[in-house]
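Number of protein chains: 2
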Amino acid sequence: MPPKPLDYGSINENVKKSQYAVRGELYLRASELQKEGKKIIFTNVGNPHALGQRPLTFPRQVVALCQAPFLLDDPNVGLLFPADAIARAKHYLSLTSGGLGAYSDSRGLPGIRKEIAEFILKRDGYPSDPELIYLTDGASKGVMQILNTIIRGQDDGILVPVPQYPLYSATIALLGGTLVPYYLEETANWGLDVNELRKSVEQARFRGITVKAMVIINPGNPTGQCVSEANLREILQFCYQENLALLGDEVYQQNIYQDERPFISSKKVLMDLGPPISKEVQLISFHSVSKGYYGECGQRGGYFEMTNIPPETVDEIYKVASISLSPNVPAQIFMGVMINPLKPGDISYDQFVRESNGILESLRRRARIMTDGFNSCRNVVCNFTEGAMYSFPQIRLPPRAIDAAKQAGKVADVFYCLKLLEATGISTVPGSGFGQKEGVFHLRTTILPAEEDMPAIMDSFKKFNDEFMEQYEDNRGYSRL
Amino acid sequence: MPPKPLDYGSINENVKKSQYAVRGELYLRASELQKEGKKIIFTNVGNPHALGQRPLTFPRQVVALCQAPFLLDDPNVGLLFPADAIARAKHYLSLTSGGLGAYSDSRGLPGIRKEIAEFILKRDGYPSDPELIYLTDGASKGVMQILNTIIRGQDDGILVPVPQYPLYSATIALLGGTLVPYYLEETANWGLDVNELRKSVEQARFRGITVKAMVIINPGNPTGQCVSEANLREILQFCYQENLALLGDEVYQQNIYQDERPFISSKKVLMDLGPPISKEVQLISFHSVSKGYYGECGQRGGYFEMTNIPPETVDEIYKVASISLSPNVPAQIFMGVMINPLKPGDISYDQFVRESNGILESLRRRARIMTDGFNSCRNVVCNFTEGAMYSFPQIRLPPRAIDAAKQAGKVADVFYCLKLLEATGISTVPGSGFGQKEGVFHLRTTILPAEEDMPAIMDSFKKFNDEFMEQYEDNRGYSRL
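For the record, the sequence lines run as chains A and B.
Each position in the first sequence, counted from 1, maps to that position plus 239 in the working numbering.
Each position in the second sequence, counted from 1, maps to that position plus 239 in the working numbering.
No lab work stands behind these hints, which were simulated from the structure alone.
Because identical chains share one entry, a pair is satisfied inside a single copy or across any pair of copies.
Simulated pairs of lysine-lysine, DSS-like, Cα-Cα distance not exceeding 30 Å:
no., residue 1, residue 2
1, K518, K558
2, K243, K558
3, K277, K558
4, K255, K558
5, K649, K676
6, K361, K582
7, K518, K255
8, K558, K256
9, K243, K256
10, K658, K256
11, K256, K518
12, K353, K278
13, K256, K676
14, K277, K353
15, K274, K353
16, K645, K676
17, K582, K507
18, K676, K558
19, K243, K438
20, K558, K658
21, K274, K558
Same shape as in the complex, but just chain A (with noise of 0.2 Å):
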């Protein structure tokens, strides 16, 4: 018998090199183990509600409110709904031409990107153009469009950050282009060299790869880093310089865990800049409902915004969303009321307000637990979370653990995370699915569980490391930069 059209051997070489750790081996084994009936932390994904993150009330009454419209006209309405939430829903149907269940335009809904480009001028001091700003099933959806619209073959590279979200891995190894890799300074708190980016683009041209676009993801996933200004500034000098585009994964915009260096988002560096970069420099912005303190992912909303891209390429990307019709609707309004929330004096203003504080201060308070738990433990050092919603300590391996590792066929920092995962339940994602320098193990979790879990979490670990460290101990020292 020939091989079928679907049989492994048979599909597209490039949906088998495709690799997406989040949801990788210690993922598989943790629901495993779930299915088993082991009590499972997940921590590979950013996935607040999923780790008991309430919602936030007013948008959620919105939203039901424009999926139940007939509760509208009940007399009875108000005995289960404030009065903004029912003046907002009627505010977002009348954006709609028939309702949630209408297919949207595929940029999605004028009325929302006429909104967003308000919220855009509001945070930047410049102006948006809503023609220039399309809706997405998350910022995801959006990311893997702009790439599909870059990327022609093997010899475009795509400049992206080490270690990275492999979103980003994944998706050019699936539209067949070629990823060149810059690397972040774990000793400089995870900053970016242009030197280094320099060094990347002169490597990748030496093979014949033309590079195209940069990635940047500020804050920084999964090293949790917020870039300055300055450097953003270099970064948008050294794109004009060099021909690049830059696409700026800004959806952890929200989640800032320090004050020296608030969000700056690449579009107000980039029209702070002047002419000609101002005009030049061709920008995607990226943003989403599934971080900050909404972390609505399961509704799957997000935008892009395009700066310096010419029209003829706007409609083709408009063309190419058109093909899946919409983006989905309900996340649409998620994404109108997190750009424009409530006011002080609206009736739920003060819930809204308590709510969403609440969910950040904790966030703040849990970074803190997270990397000071992490450099109390034996051979495990840890940058701290300035923003997002990832811890990445560096786990220094003696020489026995990785040579017990290659034994048993697995990567090192597989071999850590999955006893980690046997011992404890703690599902993380080991170092090598973001990327890290030859010979230096990682792992990344997130800083969601909630609060007063955290303590308990860190002790079980520590206890699981340091036996760890214990049981490998080397006389020959340990990996480390």
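Using the hints provided, position chain B relative to the given structure of chain A.
Using the frame of chain A, we list chain B on its own:
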């Protein structure tokens, strides 16, 4: 200045090649006219709620409660929601891990997938494995993922009906594969002739194409035919002989407007055939919440079921689904309610039946009104819409009209549809967007305008058409099969 990465000349050629007429030139022009204040009847896309179809009450109540779970603790909840909606909402929330705001497994919620498997068992009489059912953000996303798994490059061909829904041609172009057309026979009510299939495959192979899969759309889009059991049997035997995977687009399975040929699934016919065929032919079947009497397009919910796909390939499909983390969870709940409807005796049952039957019976009447309306027009012939949501009349154009179109730089049916739009506000899609035999012209319209508006719309169409034919009348006859 060298071209920049997102300048039109620099981007992915496959993006440019991909065409999607449903939101193409006609739709863009209609949107412009609407902005200028003209009343437009959008029949370009099967979007029932946009044309006034009211959502079914029960599923909306369930999803609203899932979005606002705090209502379940409110003593007044019973004033606004019936007990069966409350019970269902609690049931679905118990299937999530953190409500609608948490990512589900990338394949969808296990509990919903189990209920879909039960629905398929009940529908077909054959068991279905929940592990082989993946939920998606609408059926289109599922089709795109499967085609991406199959297509390796331009030498891989996919057999697609002509006329076809342009999701297929657009996606195959985007993925750099080759569309291998097979023609449906208009004079045999858009029937499918296996000899025609065989000829298409032979011709493609002669050109060096490896034909890997065949698409059927049943009921047909844009053609509205229901495929008979005997025909499905022939198709599956053909796929077996020719080593083709079958992609069964069955999103219109609830939209049936005649009694002679009820919907029958490809899966059932495959299983009925018995071994070896039932064990060998690789089949992927697609379904959606956007069609049927739900018409919940804006929610973006769908699923696909895989039959005879080896586990290693299933794992690859799972991995790629994981890159975008999770289909949206609210639409998974809609799918759950859709495939597990209310039963006699449930509090909301009578209302549910009244609403859903009302929609289906009206669609059946509209299918008839539209077919008869088209057939009463000069030089227009139209098969009856047996199923789905579209009417696809053949417009027999006089040579003078074809010449005038050429002069205007337009394909003849685009010319006709643009004139129709300007004259009447009816926004259709030219047949050339779906494919048609050389020298024959069609348009596609949905049968979705409100029933009470239908006579006026058909009058307006007839007036335009008959004047158009009068204007371009010609003693040289007209285009036809």
